[in-house]
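Throw the hints in and build the complete structure from the sequences for me.
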Amino acid sequence: MIAKNLWILSEERPKAEVICRILKIFAKDNNIASIMDPIRILPILNEEETFIFLYEVIGFHSPKINKIYLKLVSGYSSFVDYLIFYQNNEPIASDIPLYAIEETKTDDSESRNTGVFQRATKFIFIDFYYKNIKKIMLYNLSVQQKKKPTDTNVFGTRCLLTLGVKIIGKELDPKIFKPFTDIDELIMFKNTMKPAPKGNIPILINKQIDQIQISGRLVKSCGLSHDPNIGALSLIAAVLRKLGWRKRIIITQHCLKQENLTSNNKFIKIANMLDIEIENLKVPQLSINPEYWKYETESEKIGTIFIHVTVNSFSNSKTIFENHAGCEKSYFITKDGEPIPLGKYSDRKAYKNGDKRKIISIPDLILLDIKRFKIINIEGKKYELREKAIEDLKNYDEIEKIYIQRYYPEEYKIVRTVVLYGGDEENVYETEIGFLLNKRGVLVLGKKPPELFNDAIKNLRDYWI
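Numbered per the numbering used here, the sequence shown spans residues 475 to 939.
Be a bit skeptical, because a hint or two may be false.
[Stated by the list, open to error] Calculated pairs, DSS-like style, for lysine-lysine (alpha carbon to alpha carbon, straight line, at most 25 Å):
no., residue 1, residue 2
1, Lys541, Lys768
2, Lys545, Lys621
3, Lys809, Lys579
4, Lys921, Lys868
5, Lys832, Lys862
In short, the hints are calculated from the structure, not lab data.
In structure tokens form, the structure reads like this:
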């Protein structure tokens, strides 16, 4: 192997622990020697101290890798968390990646569906664009793995294995978790699983001479938006095609109406890819976007991820929660290091009865300034929505009362601030705005930013001088 650059493209905030595992996978698969120090992710500044919207990974040393770069991208639909390229030049959409990696923190000890089915559509989509790349489901579990897997988890995992997806980060008994060998085995396993709760429409597979019918409700909130079932039905159909079924596949008992079948829905796109029919309805025929991804240039998360990575790498801080736009929501980390999921409501019954104040509004990012005993709640927005961002800061009473004040002692002071991305401005005037990253990469600290921001930005600039 001639030494090249390794490029990691992601819609997610790059996590050092996940990047470390990706690098180990690459080194093992390609049989290359390497030395691993603690991984750090650094925003790259040019000579004008302007961010060039590119990150460098340091701490991994190998004679076969020159540099490791990270860049934020946006998928046109159902994008995996990470695409990995091994080449000198910055990837373009027509380049072929080595890996497609989906990362999840969810085990079926928390959810029978989210960990497998709701992510399965991503592997179906990417197969349409890149046929022969390595596909990996990477479990980055924060909670203990369930000792006895549910039938749902076994079925979903076996489906992924049949599609050629490699599972990393979970202990899988090879006697249980193995690809399906034929269509009849798949159908028998699914149809003998524990039945759905009374009143639910079970997912069952009915094989006939000229068609296979799959039952399953696809309606939620009056639209085609039942994500677990969208994932399950898509995955079953994809596996049937993989195992050689070329005849009709029909979704039954779906509860949909014709007006629910909109062209921008991911299930309709998959139905076009896999030639799936929806009983008694006409599936809109689509032309699928020829490109799988593009570089991210618009989202507010460009700003919040930048400040997140910078603070992590260049200050004495910890992240105790993150929910960057379009990214996976993390657990809330208590002072004792325990990860706990955040609830949606302070009083669910009252909310359902019409009291909308009972919803728990969550920040895009919560940082812990260890030295100053401060907790910083961050609202992220695009520059043109800065007034809305300042207004949204008022909504954090519930999360502070129910979680932060409960799990952190009184000596921790809570601070609220706004982080913006976009525009051409090189100054901000509202005291609520802590930081602006403008669209040219200029770093703009607010009038009264959190001291943690001052530390991190100064240290980042000093690093690149």
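Mind checking the alpha carbons of Lys545 and Lys621 for me, to see if they're no more than 25 Å apart?
At roughly 37 Å apart (the allowed maximum being 25 Å), Lys621 and Lys545 break the hint.
Pairwise hint evaluation, Lys868 against Lys921, where the allowed Cα distance is 25 Å at most
19 Å, holds
Does the structure keep Lys541 and Lys768 at a Cα separation of 25 Å or less?
This hinted pair holds, its Cα atoms lying about 22 Å apart.
Does Lys832 pair with Lys862 here, judged by a C-alpha cut-off of 25 Å?
Roughly 20 Å between the alpha carbons, so the hint for Lys832 and Lys862 holds.
Taking 25 Å as the top limit, are the C-alpha atoms of Lys809 and Lys579 close enough?
20 Å, holds
When each numbered hint is compared with the structure, a violation occurs for hint 2 only.
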